[in-house]
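Enquirer: Each chain, letter by letter, is given below.
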Amino acid sequence: MSHYELDARRMLCPMPVIKTQNKVKELSEGDILDVICTDPGALSDIPAWARINGHEVVSNREVDDELIITVRVGS
Amino acid sequence: MTKKHKAIALISGGLDSLLAVRVLQEQGIEVEGINFYTGFCVEGHTHAIRNQDKDKKKRNNALWAAEQLGIKLHIVDVIEEYKDVLLNPKHGYGANMNPCLDCKIFMVSKAVEWVKENRKDGFDFIITGEVIGQRPMSQRKETMPIISNESGADDILLRPLCAKNLPPTKPELEGWVDREKLYDFSGRNRKPQMALAKQFGFTDYASPAGGCCFLTDKNYSDKLVDLWDARGSREYEMDDIMLLKVGRHIRPKPEFKLIIARDAGESKYLEGYRKQFVTIQVVSHNGPLTMIDGDLKPEDYDFAAGIVARYGQGRDAEQVDVEISVPGEEKLLRSIKPLSTDQVNKEWHV
Chain A
1 MSHYELDARR MLCPMPVIKT QNKVKELSEG DILDVICTDP GALSDIPAWA
51 RINGHEVVSN REVDDELIIT VRVGS
Chain B
1 MTKKHKAIAL ISGGLDSLLA VRVLQEQGIE VEGINFYTGF CVEGHTHAIR
51 NQDKDKKKRN NALWAAEQLG IKLHIVDVIE EYKDVLLNPK HGYGANMNPC
101 LDCKIFMVSK AVEWVKENRK DGFDFIITGE VIGQRPMSQR KETMPIISNE
151 SGADDILLRP LCAKNLPPTK PELEGWVDRE KLYDFSGRNR KPQMALAKQF
201 GFTDYASPAG GCCFLTDKNY SDKLVDLWDA RGSREYEMDD IMLLKVGRHI
251 RPKPEFKLII ARDAGESKYL EGYRKQFVTI QVVSHNGPLT MIDGDLKPED
301 YDFAAGIVAR YGQGRDAEQV DVEISVPGEE KLLRSIKPLS TDQVNKEWHV
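These protein sequences, in sequence, are chains A and B. Each residue of the first sequence is one higher than the one before, starting from 1 at the first, in this note's numbering. Each residue of the second sequence is one higher than the one before, starting from 1 at the first, in this note's numbering.
A couple of the hints might just be wrong.
Unchecked claim - When the alpha-carbon atoms are kept at most 27 Å apart in a straight line, the in silico DSSO-like pairs for lysine-lysine are as follows:
| hint | chain 1 | residue 1 | chain 2 | residue 2 |
| --- | --- | --- | --- | --- |
| 1 | B | K191 | B | K268 |
| 2 | B | K181 | A | K25 |
| 3 | B | K191 | B | K181 |
| 4 | A | K23 | B | K116 |
| 5 | B | K191 | B | K275 |
| 6 | A | K19 | B | K83 |
| 7 | B | K120 | A | K25 |
| 8 | B | K110 | B | K120 |
| 9 | B | K191 | B | K110 |
| 10 | A | K23 | B | K110 |
| 11 | B | K72 | B | K6 |
| 12 | B | K191 | B | K164 |
| 13 | A | K25 | B | K245 |
| 14 | B | K72 | A | K25 |
| 15 | B | K331 | B | K268 |
| 16 | B | K110 | A | K19 |
| 17 | B | K297 | B | K218 |
| 18 | B | K6 | A | K23 |
| 19 | B | K72 | B | K120 |
| 20 | B | K181 | B | K141 |
| 21 | A | K23 | B | K83 |
| 22 | A | K25 | B | K4 |
| 23 | B | K6 | A | K25 |
| 24 | B | K164 | B | K253 |
| 25 | A | K19 | B | K275 |
| 26 | A | K19 | B | K268 |
| 27 | B | K120 | B | K141 |
| 28 | B | K120 | A | K19 |
| 29 | B | K164 | A | K19 |
| 30 | B | K181 | B | K3 |
| 31 | B | K191 | A | K23 |
| 32 | B | K72 | A | K19 |
| 33 | B | K90 | B | K218 |
| 34 | A | K23 | B | K72 |
| 35 | A | K19 | B | K245 |
| 36 | B | K297 | B | K331 |
Just so you know, the hints here were simulated from the structure itself, not pulled from any lab data.
Isolated chain A (complex conformation) (with noise of 0.2 Å):
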């Protein structure tokens, strides 16, 4: 298991989803995956994109202004 970072800040919905969704592509099963937004439809739409597709938010949390929501790479 890794643990990665995705700089998705200033981008506005769809597109943190987006490059979440590639990111992930290349990652495997149980790998964590940090994505850092500012955009805050990226809380509802990170995790629906989430459960349709098979993985898990585990947490998000606000620091500083910014959004860091964690998703472990589902099979």
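Following the hints, complete the assembly by docking chain B onto the known chain A.
Expert: Chain B only, in chain A's frame:
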């Protein structure tokens, strides 16, 4: 063992594509969704920026629809490829800068590519939520074969909601899909779709009347044409098309335009562009952040600042202090008199 056939569905997030997928699922067909992001999609943008939209439910309708349907959704960034569709539409534009027919042909052609890449996984046809007569430009009886032919989809493009009004497609002829269980919807009347939605138990679908593309919007199209005219070129980048969605646009001279934030949300959004663009802000009173697109010469600083001051709380003051930030240079502080309402020419508003 009989081969299981799968379909890829163009998902916009609206009611028609939602229904088209469910109609095939009812026949036991496995479907996955594909959604194309052109940069002009209304989805998700302005609600993330403006204060007044903060309370609106934030959801991407395509993702939401996929979740309701229990299908996977592939969202594809086509921003670069879409430029050619917008700039050189073979079939022309609609009422505004919307190249709807070329857009549909483009999206179906991308779905054809996807099917070719995923045929090994059993995908061999495409479905859309198109209904004959639903849209004045792209969804007409005569455009249906044009879309099938010019996209390269030919007989693997199935429209479940109006299939009975069209010649049978390969999925129907081969018996993968039962044509009798498809529909014959036509025209702009939405009642048949609403009745079918009720039958399937869909209640909270996206507004049927809602457009999904900024290019169908007159104000947006006017701003886009103004941008192209001012630059003498129809090239555009992602930032250009995003910024057309933000702020009040005022062009007092051909060579520059002011983008004046309309609320704190837009000011915050424009903050992200400070390192790339000249910005002007009144600092002695509350006022919006303003970004300059184009070439603002030093002799026009006070003139531009006077316009900006018109939109802040110091609009009636004798003098206001204004900060002008030019990327890579020291900030300039000027005292200027705000322009009066009459001095801000209505024709400057884009």
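Enquirer: If a hint holds in the structure, say so; if it does not, say that too.
Expert: Each hint, compared with the structure:
{"no.": "1", "hint": "B:K191 to B:K268", "verdict": "violated, 42 Å"}
{"no.": "2", "hint": "B:K181 to A:K25", "verdict": "violated, 37 Å"}
{"no.": "3", "hint": "B:K191 to B:K181", "verdict": "holds, 19 Å"}
{"no.": "4", "hint": "A:K23 to B:K116", "verdict": "holds, 23 Å"}
{"no.": "5", "hint": "B:K191 to B:K275", "verdict": "violated, 51 Å"}
{"no.": "6", "hint": "A:K19 to B:K83", "verdict": "holds, 20 Å"}
{"no.": "7", "hint": "B:K120 to A:K25", "verdict": "holds, 18 Å"}
{"no.": "8", "hint": "B:K110 to B:K120", "verdict": "holds, 17 Å"}
{"no.": "9", "hint": "B:K191 to B:K110", "verdict": "violated, 31 Å"}
{"no.": "10", "hint": "A:K23 to B:K110", "verdict": "holds, 21 Å"}
{"no.": "11", "hint": "B:K72 to B:K6", "verdict": "holds, 12 Å"}
{"no.": "12", "hint": "B:K191 to B:K164", "verdict": "holds, 18 Å"}
{"no.": "13", "hint": "A:K25 to B:K245", "verdict": "violated, 31 Å"}
{"no.": "14", "hint": "B:K72 to A:K25", "verdict": "holds, 14 Å"}
{"no.": "15", "hint": "B:K331 to B:K268", "verdict": "holds, 19 Å"}
{"no.": "16", "hint": "B:K110 to A:K19", "verdict": "holds, 19 Å"}
{"no.": "17", "hint": "B:K297 to B:K218", "verdict": "violated, 31 Å"}
{"no.": "18", "hint": "B:K6 to A:K23", "verdict": "holds, 26 Å"}
{"no.": "19", "hint": "B:K72 to B:K120", "verdict": "holds, 17 Å"}
{"no.": "20", "hint": "B:K181 to B:K141", "verdict": "holds, 21 Å"}
{"no.": "21", "hint": "A:K23 to B:K83", "verdict": "holds, 24 Å"}
{"no.": "22", "hint": "A:K25 to B:K4", "verdict": "holds, 25 Å"}
{"no.": "23", "hint": "B:K6 to A:K25", "verdict": "holds, 21 Å"}
{"no.": "24", "hint": "B:K164 to B:K253", "verdict": "violated, 56 Å"}
{"no.": "25", "hint": "A:K19 to B:K275", "verdict": "holds, 24 Å"}
{"no.": "26", "hint": "A:K19 to B:K268", "verdict": "holds, 23 Å"}
{"no.": "27", "hint": "B:K120 to B:K141", "verdict": "violated, 33 Å"}
{"no.": "28", "hint": "B:K120 to A:K19", "verdict": "holds, 25 Å"}
{"no.": "29", "hint": "B:K164 to A:K19", "verdict": "violated, 39 Å"}
{"no.": "30", "hint": "B:K181 to B:K3", "verdict": "holds, 21 Å"}
{"no.": "31", "hint": "B:K191 to A:K23", "verdict": "violated, 42 Å"}
{"no.": "32", "hint": "B:K72 to A:K19", "verdict": "holds, 16 Å"}
{"no.": "33", "hint": "B:K90 to B:K218", "verdict": "holds, 21 Å"}
{"no.": "34", "hint": "A:K23 to B:K72", "verdict": "holds, 17 Å"}
{"no.": "35", "hint": "A:K19 to B:K245", "verdict": "holds, 22 Å"}
{"no.": "36", "hint": "B:K297 to B:K331", "verdict": "holds, 15 Å"}
Violated hints for the displayed structure, listed by number in ascending order: 1, 2, 5, 9, 13, 17, 24, 27, 29, 31.
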